[in-house]
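Build out the structure end to end from the sequences listed, making use of the hints.
Here my numbering is used: the first residue of the sequence shown is 1, the next is one more, and so on.
Derived by calculation from the structure, the hints in this document are not laboratory data.
You may find that some hints are simply not true.
What the hints assert, rightly or not - Cβ-Cβ distance ranges computed for the label pairs, FRET-style:
1. 73 with 488: 39 to 49 Å
2. 234 with 395: 26 to 36 Å
3. 205 with 385: 34 to 44 Å
4. 201 with 618: 54 to 64 Å
5. 488 with 565: 25 to 35 Å
6. 240 with 344: 17 to 27 Å
7. 303 with 116: 58 to 68 Å
What the hints assert, rightly or not - In silico DSS-like links for lysine-lysine, alpha-carbon gap of 30 Å or less:
8. 404 with 471
9. 404 with 386
10. 370 with 570
11. 389 with 411
12. 370 with 411
13. 389 with 372
14. 615 with 471
15. 327 with 390
16. 488 with 471
17. 104 with 404
18. 411 with 327
19. 108 with 148
20. 390 with 411
21. 471 with 586
22. 108 with 372
23. 488 with 411
24. 187 with 404
25. 386 with 372
26. 570 with 593
27. 471 with 570
28. 615 with 593
29. 64 with 104
30. 370 with 327
31. 471 with 370
32. 583 with 593
33. 471 with 593
34. 619 with 593
35. 372 with 390
Small disclaimer: the values here were computed from a predicted structure and weren't measured.
In this text, a Cβ means the ideal position worked out from N, Cα and C, and glycines have one as well.
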Amino acid sequence: MHDSEDNPRPTKRQKLDNEPSAEQDVPPQLTLANLLLGLPSLLLHPPTHTNHERSLALSYHALKKCTAMTSLDSAVECSAATGLAELGLQIGLTSPGIESEIQKAITKGSLISQNLPSLQPYRHRLTQLSAQLSLESGNAKASQNTLKRALSTFTDDEPPHTVYTFHLSLIASISSQSTDEVTNTVKSLGAISDLHDCATQRGDQAVIELASVLRLRALMRAGLWSDVGESLDAAESGLDMEETLRSYSEEKGKAAEKEAQSSTHTLPSPPSSTTKPSRSLFEYTLIVHTLILGIIYYTYVGDSSLANPRLKWLHELLDTHSHRFPKSGIFEIPFTNLPPLHYQLTHPRVIYVLGFLVSSLAKRDLMGRKPKKKVFATEGILAVDKEMKKELAFPPWASINDVKNTDLRLKRLRADLMCELIGASIMRSEFDEAERTINETISYTRTHGIFSSYVARLTLHEAQLAHAINKPTRALQCYQIAAWLSRKRERNPRSPPAYTRSRSSANNTPTKKSKSTKSTPLQLNNDDTAADSSTNDEDTDGEEDFWLNTAARAGELWLRIGLLRQASPKEMSEEARDKELNKLRKIGESVTKDCRGLGGTLEAIAEVLDSCLTKEFVKAKTYLRRALNLSTASQDNHLRALVLSLIASHYLHTSTQHAEKMLETADSLAAGLGAQSKSSKSQGQGSPMKPGSSVTTSTNPSGSNEAQAVGNAHLRLWVGERFLGT
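What follows is the structure, given as structure tokens:
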């Protein structure tokens with residue numbers, strides 16, 4: 001007790017501060033108009049969210065109620081009208097009455113912004129929304145005129161992000177049109193040139209680089225390959241890519257030795273010294289796009305020595321920088337002491353999958369146990385399946401159509417990868433796998449409504465497969481159908497064809513609606529009722545594709561030449577043979593003329609066809625020598641084996657030793673086109689549909705592995721017969 005008295009319990013803490021007086025400043029109360037104006041920023045969800053449509057409807061209702069209020073501040077009223085127009089376009093014009101509401105909001109906001117100079121940014125935004133509304137309504141000409149008028153009124157004092165936004169909107173408006181492609185290409189290139197000149201005048205290097213990449217893409221999209229090379233060099237020079245590409249080219253020999261020693265790596269690992277830390281993420285993204293376009297171009301022209309260094313650098317960038325890119329693909333281009341420009345490039349997930357497709361396209365060599373072409377195609381299909389299960393990142397202001405477009409792009413990439421796998425399987429004489437993949441691709445494209453875009457290509461694969469397994473009747477029919485499906489469409493300017501625009505189209509390209517139904521390539525008949533019974537009234541008329549049309553006609557000509565050579569004297573007289581050969585020569589003139597200028601592959605095929613149809617022995621050897629150079633430059637060993645065999649046939653009776661060497665090389669190449677893995681488990685990894693399942697054991701008997709290891713049996717048999725004759 002004594003201790004407790006000496007040390008009394010401390011007193012409780014007391015609040016010494018005085019109560020706040022009523023005279024102190026009180027934050028102003030939030031008005032109803034400001035509350036309604038700020039609700040969309042709190043309510044909106046990305047289009048992948050389950051409550052996106054509900055949040056969009058509530059936000060639209062809040063702004064509509066705000067614009068209906070009286071005695072509003074001009075800034076609040078103009079901001080509400082602008083937001084209402086933006087949300088209306090985000091909802092889409094398919095909703096009843098939404099188009100008129102958007103037009104009213106744009107008109108109201110424009111009238112308010114014209115009276116006050118402080119509201120000038122809203123006026124520019126409303127002009128852009130008006131152009132977007134015209135474009136969505138199908139009046140692209142009015143949209144472009146609106147943007148051009150706005151650009152003509154801009155002065156040097158305008159913020160750069162506003163000026164560049166209008167330039168980019170004009171380019172997008174022109175590129176979205178589907179009719180009169182030649183005129184649109186000229187207009188698009190002119191708009192891109194104006195953007196480049198504007199950025200050069202203002203000294204904005206990032207926009208200059210963007211304009212160079214846009215020009216390169218526009219040229220490749222239009223098929224102006226003669227101008228692509230110069231534009232590619234300009235884009236690479238602007239992005240300072242020459243030194244890095246030169247270092248990859250110098251290490252080409254060392255990398256080839258390492259690849260021969262180790263085949264376990266799917267993606268090569270270039271040296272880290274090639275990267276430059278001073279580059280921004282936006283510049284790295286432009287480099288990725290330029291590399292992809294460069295790989296496609298050099299693969300198209302058949303120069304693998306220039307495609308491979310770019311492919312190696314692309315692999316490094318995708319491995320080291322893809323995770324740093326913005327998840328939604330929206331990049332920020334900063335300006336000094338001014339608002340930045342936000343620009344959306346291709347979605348990073350699409351770029352990631354596109355890397356597999358480009359790699360599969362660039363790898364032309366199919367020799368060995370695990371050719372990289374098949375490896376990249378298989379892994380790409382698995383990558384698409386994984387990405388489709390994930391939720392893609394989108395900003396809150398994106399629309400559901402943006403999600404559908406990205407989703408459809410991934411599906412198209414998967415279909416393209418499956419087509420690459422089909423072609424590789426046919427060239428490697430893996431016919432069971434090729435037939436299975438064709439059937440799965442048909443089912444996949446029909447399920448997702450993209451069959452009309454792939455029907456001609458799949459029919460060509462059917463023809464090539466039938467040609468390879470010695471079914472000439474079916475092959476001939478499939479070649480003809482593939483050529484018809486990819487034919488040039490005649491358009492009547494007075495009565496334009498009907499188009500159906502899918503809301504989920506990846507590139508907003510309309511699909512022509514055929515008046516007369518045609519049979520599918522797998523039915524191979526002329527019964528119109530067959531197409532009528534297809535599900536969802538799917539259009540199987542195909543799409544115009546001059547390259548594919550030429551390839552189908554070349555395949556048909558090659559088959560007819562072979563059938564003519566095989567015809568015995570009892571089946572066809574000498575006079576009838578000469579008459580048929582002259583007929584094929586006339587057809588060949590047209591086919592080979594179209595083949596030239598369509599890339600290295602068709603160029604080499606044209607040389608082979610000319611060598612078979614020419615009457616002069618020296619010319620035939622000249623044609624084959626050119627074909628050999630083209631196939632060697634592109635590393636196309638499948639075509640190279642054929643060309644070597646044809647060249648050897650010309651030297652069998654004049655230079656036996658030289659002919660034997662070429663026949664040995666051709667036999668080695670043909671054998672390498674069917675090399676199988678030692679373990680059966682590794683064979684099953686080639687199936688992109690069911691990872692880990694065995695492809696050969698499920699479709700072939702136990703002895704089929706040895707048969708597939710033969711490679712190109714037809715060519716090797718022909719080579720063996722030539723050896724016996726020497």
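Practice prompt. Quickly compare the C-alpha distance for residue 372 and residue 390 to 30 Å and report which way the hint goes.
Written response: 27 Å, holds
Worksheet item: Holds or violated: residue 104 with residue 404, Cα cutoff 30 Å?
Response: The given pair, whose Cα atoms are some 28 Å apart, holds under the 30 Å limit.
Discussion item. Assuming the hint says 17 to 27 Å, is it satisfied by the Cβ distance from residue 240 to residue 344 or not?
Written reply: Given a distance of about 24 Å, which is inside 17 to 27 Å, the answer is holds.
Worksheet item: At the C-beta level, are residue 205 and residue 385 separated by a distance inside 34 to 44 Å?
Response: 40 Å, holds
Worksheet item: Would the pair residue 404 and residue 471 pass a check requiring their Cα atoms to be no farther apart than 30 Å?
Response: Not satisfied, since the Cα-Cα distance of roughly 41 Å exceeds 30 Å.
Item to complete: Please work out if residue 390 and residue 411 have their alpha carbons no farther apart than 30 Å.
Response: 14 Å, holds
Worksheet item: Straight-line Cα separation of residue 108 and residue 148 no greater than 30 Å?
Response: 22 Å, holds
Discussion item. Can you confirm whether the C-alpha distance between residue 471 and residue 570 stays at or below 30 Å?
Written reply: 21 Å, holds
Item to complete: Please work out if residue 370 and residue 570 have their alpha carbons no farther apart than 30 Å.
Response: 46 Å, violated
Worksheet item: Taking 30 Å as the top limit, are the C-alpha atoms of residue 389 and residue 372 close enough?
Response: 26 Å, holds
Fill in: Pair hint outcome, residue 615 versus residue 593 [Cα-Cα no greater than 30 Å]
18 Å, holds
Worksheet item: Does the alpha-carbon distance linking residue 386 and residue 372 stay inside the 30 Å limit?
Response: 21 Å, holds
In summary, the numbered hints that this structure violates are 1, 8, 10, 22, 26 and 30.
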